[in-house]
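Undergrad: Following the hints, position chain B against chain A.
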Amino acid sequence: MAISIQNLRRYGKPVLFLMLSFPALWLGHEWYYAYQGLESSLGWNPVEAFHRITGDWAIRILLLSLAVSPLAKIMKSPKPIVFRRMIGLFAFFYVFLHLGGYIWLDKAFIWPDIWQDVVKRKYITVGVTALLLFIPLALTSTNSWIKRLGARNWQRLHKSVYVIGILTSAHFIMMRKGFQLEPLVYAGILGFLFLLRSKAVMNKLRR
Amino acid sequence: MLIKKRNSWDESENAVTSENVYLNRRKFLSAAGLSIGSAAVGLSAVSNAQSERALKELAFKKTDFGQDEKLTAEAAITNYNNYYEFGTSKSEPAKNAWRLKTTPWNVKVDGLVEKTRDYSFEDLIDMNALEERIYRFRCVEAWSMVVPWIGIPLASIIKKLNPLGSAKYVRFETLADSDQMPGIRWPVLDWPYVEGLRMDEAMNPLTLMVVGLYGKEIPNQNGAPMRLITPWKYGYKSIKSIARITFTEEQPVSSWTKSAPNEYGFYSNVNPEVSHPRWSQASERKIGNFGRMPTQKFNGYGEMVADMYAGMDLRVNH
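If you read the sequences in order, they're chains A and B.
Each residue of the first sequence is one higher than the one before, starting from 1 at the first, in our numbering.
Each residue of the second sequence is one higher than the one before, starting from 1001 at the first, in our numbering.
Bear in mind the hints are in silico, worked out from the structure with no lab data behind them.
Check each hint, because a few of them may be wrong.
To be verified - Label pairs and their in silico Cβ distance ranges: (1) A:Met19 - B:Ala1129: 57 to 65 Å; (2) A:Arg156 - B:Gly1291: 44 to 52 Å; (3) A:Ile5 - B:Gly1288: 51 to 59 Å.
Idealized CB from N, CA, C, for every residue including glycine.
Only chain A is shown next, with the shape it has when bound in the complex (with noise of 0.2 Å):
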């Protein structure tokens, strides 16, 4: 039953890759139809859908990430750590094409709208701030980046984010008028990946 690493690397993460893949595919193939003013699964606001789509896919693969290791650890097994990296990295994709989408379809490059926005509107600061937290955790996901920086130091580095899931949580739930129950579900989920962090519960879990 049990399925070696080496298969998990050579068949389970193109998989995964695959699957993490769908809905930028499916969003790029609805926007081509939207775009021609065809009919499509964006509604009637596609630029918004947009943004909700990439947000919702950023988020949640985001929150998957962080439930590899705590994952790993209940099944004592460090198998899904397999797929840490490529889910990270999948998750500041969505981040992008969600800035990408923001900065291009929504304020159509214009750069001093899009300031005044950054600075004047806080779930957009806040958003901001958890993206550019983001970068480097991507750009040191590569193996030489691990040994430039020493496993501790890297380790140390990445921890962050837990801070980048925290924002991205406050910038859904500050987005949303009124007060809403959607944001709060993602908010609670962060919530018990942080409960998986305290050893007690972790313990409790493992027995």
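TA: The following block gives chain B in isolation, referenced to the frame of chain A:
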């Protein structure tokens, strides 16, 4: 083991299922639920038949308003809605609003008025006086539409109700019934939805009580059976499915003002010069277009409304 782990990703993939399929599935489920439920009490399929209300054609006279505007597609107007009582996404109201029972419809009229009582829809709306007005509609989220509304001036209703001279404001309330409105089970806002106008705004000839659009009765998701339209204000002022009208001396506190006073003021006039903490109001995206266009002060209706705010600092009174 591996298969188990994949299950969680499979679930994420499901969420990309096209919106239509997803929503139809839910509609199907609720319809199925209804028929099972009604079968259980021996009512057969009657309640299913009510799920989609047929919208009657209305008799109305045309007006000059917005004759040079290009109308937003009817399907966009009736499928892209903010009506949080039926869900917080844009597509949910069109899927859920069939639950709203619009006949008979009663409006409670109270406060500083000659006679406190309930009025029926028919008491308030003179169906022989309906007119069509094509207005621009500007949402605070920086999108806009052009809508052929059908209704009567609110002023004609207020005259009928005889408010007292001491009445300075009109307060409106949307119906709040969790049996009909699944969205109010969660406190997105302090239900019922409340909005208000100063008396001169309410009496302004532009202010319309709307009962139809695109030549027919107004669909539930757009605020049936009667809703307000104040085209020079952001869309949230144009309260839907009005169940109560109260004349007051004090300025009413709207649901949005209560939720975030720094974001939503009492006046909420469309104004590209007054920055908003969430969305730049300098430009807007007209539904159906991809680019943005500049937003006009008072949504372009300044000639008819600007006098009412003479001498007021519109930044403070936003």
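Undergrad: Indicate, hint by hint, whether the structure satisfies it.
TA: Hints versus structure:
1. A:Met19 - B:Ala1129: 57 to 65 Å: 59 Å Cβ-Cβ, so the 57 to 65 Å window holds.
2. A:Arg156 - B:Gly1291: 44 to 52 Å: This hint holds: roughly 45 Å between Cβ atoms.
3. A:Ile5 - B:Gly1288: 51 to 59 Å: 52 Å, holds
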